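Okay, here's what each chain looks like letter by letter:
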Amino acid sequence: MKAREKRRVKTKTLWELFAGMLYISAFTFGGGFVIVTFMKTKFVDEKHWIDEQEMLDLTALAQSCPGAIAVNAAILVGWRVGGWLGMAAAVLGTIIPPMVILSAISFFYAAFASNPYVAMVLRGMQAGVAAVILDVVCSLGVKVFKGRSWLDIAILAAAFVATFFFKINVVYIILASALIGIGRVLWMKRKEAAK
Amino acid sequence: MIYLQLFWSFLQVGLFSIGGGYAAMPLIESQVVQGHGWLTMNEFTDLITIAEMTPGPIAVNSATFVGIRIAGVGGALVATLGCIAPSLVIVSILAKVYYKYKGAKSLDSVLACLRPAVVALIASAGLGILRNVVFSSNALGMQNVDWVGAVLFIAAFVVLRKLKWNPILTMALCGALGLGVNLLLHGLPG
Chain X
1 MKAREKRRVK TKTLWELFAG MLYISAFTFG GGFVIVTFMK TKFVDEKHWI DEQEMLDLTA
61 LAQSCPGAIA VNAAILVGWR VGGWLGMAAA VLGTIIPPMV ILSAISFFYA AFASNPYVAM
121 VLRGMQAGVA AVILDVVCSL GVKVFKGRSW LDIAILAAAF VATFFFKINV VYIILASALI
181 GIGRVLWMKR KEAAK
Chain D
196 MIYLQLFWSF LQVGLFSIGG GYAAMPLIES QVVQGHGWLT MNEFTDLITI AEMTPGPIAV
256 NSATFVGIRI AGVGGALVAT LGCIAPSLVI VSILAKVYYK YKGAKSLDSV LACLRPAVVA
316 LIASAGLGIL RNVVFSSNAL GMQNVDWVGA VLFIAAFVVL RKLKWNPILT MALCGALGLG
376 VNLLLHGLPG
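Chains X and D supply the protein sequences, listed in that same order. Using the working numbering, the letters of the first sequence correspond one by one to residues 1 to 195. Using the working numbering, the letters of the second sequence correspond one by one to residues 196 to 385.
Hints were generated in silico from the structure; no laboratory data involved. For clarity, every value in this text was computed on a predicted model and none was experimentally measured. Virtual Cβ for every residue (Gly too), placed ideally from N, Cα, C. Accuracy of the hints is not assured; some may be wrong.
To be verified - PhoX-like mimics (lysine-lysine), calculated; alpha carbons at most 20 Å apart, straight line:
1. K143(X) x K359(D)
2. K12(X) x K47(X)
3. K143(X) x K357(D)
4. K195(X) x K143(X)
5. K191(X) x K146(X)
6. K189(X) x K143(X)
What the hints assert, rightly or not - A short, non-exhaustive set of chain X residues, derived as facing chain D with CB atoms under 10 Å:
7. A19
8. T37
9. G67
10. L85
11. M87
12. P98
13. M125
14. A130
15. L140
16. I153
17. I155
18. S177
19. L179
20. A194
Can you make the complete structure from the sequences, with help from the hints?
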């Protein structure tokens, strides 16, 4: 009897995880951090499944791992609340809305983009998206330069030259900067040990 | 075979895009435009525009869009799976490590070195898109400048940077202005 009741609670939790993420993911525009904010409202403030400090830690973790922040956060919250099944439920809820929307769009895209009016709208929007991306780049770049770390500025400059002018594969650039990062950690540890 | 290629390409996007948001963009470009030629630069720019206007992470949006165009619904599924597979593995391992040791300072320090590199990569991809907007063909020359695109870009950049306009609103306005100005300049198409 008790086991059955427990299972029912569990199924309900899984369903709430799935439906919650489905809803959040379908209506959240504007990237990873926005979705994490909505997740906090739903799972911390409303359901009390996770406490606030832990949610902050999970956010930091989601941000430090490779991949999309929204998917990473769903993995962490799902796993924390409902184990492996919870992880699956939360991830499915997160990826189904963009998959359905983009499938529909790509289905119509070919016919859509060859329409001359739509092409003009898209062309104008391309100018907008270039501005949005370069605006983000400026904000991020200013932060790097304000940090006044010569190593950071050198990495930024070298990575830019390598990708923009020499067309070096992006993967190698990321691996190289990770290696520099590991080197710096080891060097700092040695310096601390020498003190 | 094409399924394997899609899976492998988006696995790399998922594995090496660190920092969220636009970090996936340069990787998608290098796989999809330069690596396999699955999309032209113009289609890629449209894809980023669409991804920006719809909910969901850019990587998942791109995986679905590219997958379905190259190999139908099956392609969309394998590409999306490829792009979330590294997250599933790495995040669950790190979550266990995290709960055991609480706070990984070394990881933060490694990530600190990645951040400037990611900024540079996004800058480069953004400039690639800008080149596609300003020049109507691959040849860079004054006769190929798309003046409408160039002026729209500058106006959009100024209102975003100085007046902090909402990005989606700015893009929608750019679309409307692009249509209006081109109709005024060139008349009705066809």
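Taking the hints in turn, this is what the structure says about them:
Between K143(X) and K359(D) the CA atoms are separated by roughly 17 Å; this keeps the pair inside 20 Å, and the hint holds. Note on K12(X) and K47(X): the hinted pairing holds, with a Cα-Cα distance of about 13 Å set against a maximum of 20 Å. In summary, the hint linking K143(X) to K357(D) is supported, as the alpha carbons are separated by about 17 Å, within the 20 Å threshold. With a C-alpha separation of about 31 Å, the suggested pair K195(X) and K143(X) falls outside the 20 Å cut-off, and the hint is violated.
For the hint pairing K191(X) with K146(X), the CA-to-CA distance comes to about 25 Å; that exceeds 20 Å, so the pair is violated. Restraint check: the Cα-Cα separation between K189(X) and K143(X) comes to about 26 Å, which exceeds 20 Å; the hinted pair is violated. With a cut of 10 Å, the hint placing A19(X) at the interface with chain D is violated, because the nearest CB-to-CB distance is about 16 Å. Given hint, T37(X) at the interface with chain D, is violated; its Cβ is 13 Å from that chain's nearest Cβ, farther than 10 Å.
Of the supplied interface hints, the one on G67(X) holds, with its beta-carbon coming within about 3 Å of a beta-carbon of chain D, less than 10 Å. Evaluation of the L85(X) hint against chain D yields a violated restraint, the C-beta minimum of about 13 Å exceeding 10 Å. Given hint, M87(X) at the interface with chain D, holds; its Cβ is 7 Å from that chain's nearest Cβ, closer than 10 Å. About 2 Å separates the beta-carbon of P98(X) from the nearest beta-carbon of chain D, less than 10 Å, and the hint is met.
A hinted interface residue such as M125(X) counts as satisfied when its beta carbon comes closer than 10 Å to some beta carbon of chain D; here the least separation is about 4 Å, so the hint holds. Because the beta carbon of A130(X) sits about 4 Å from the nearest beta carbon in chain D, less than 10 Å, this interface hint is met. Annotation: L140(X) was flagged as interfacial toward chain D, and the flag holds, the nearest CB pair being 5 Å apart, inside 10 Å. Here the hint on I153(X) is kept, as its CB sits about 7 Å from the closest CB of chain D, short of 10 Å.
Because the smallest distance between the Cβ of I155(X) and any Cβ of chain D comes to about 4 Å, under 10 Å, the interface hint for this residue holds. Using the Cβ-Cβ criterion of 10 Å, the hint placing S177(X) at the interface with chain D is satisfied: the shortest such distance is roughly 4 Å. For L179(X), the shortest C-beta to C-beta distance to chain D is roughly 9 Å, which falls under 10 Å, so the interface hint holds. For A194(X), the interface hint is violated, since its Cβ never comes within 10 Å of a Cβ in chain D; the closest pair sits about 18 Å apart.
Hint check: violations occur at hints 4, 5, 6, 7, 8, 10, 20; the rest are consistent with the structure.
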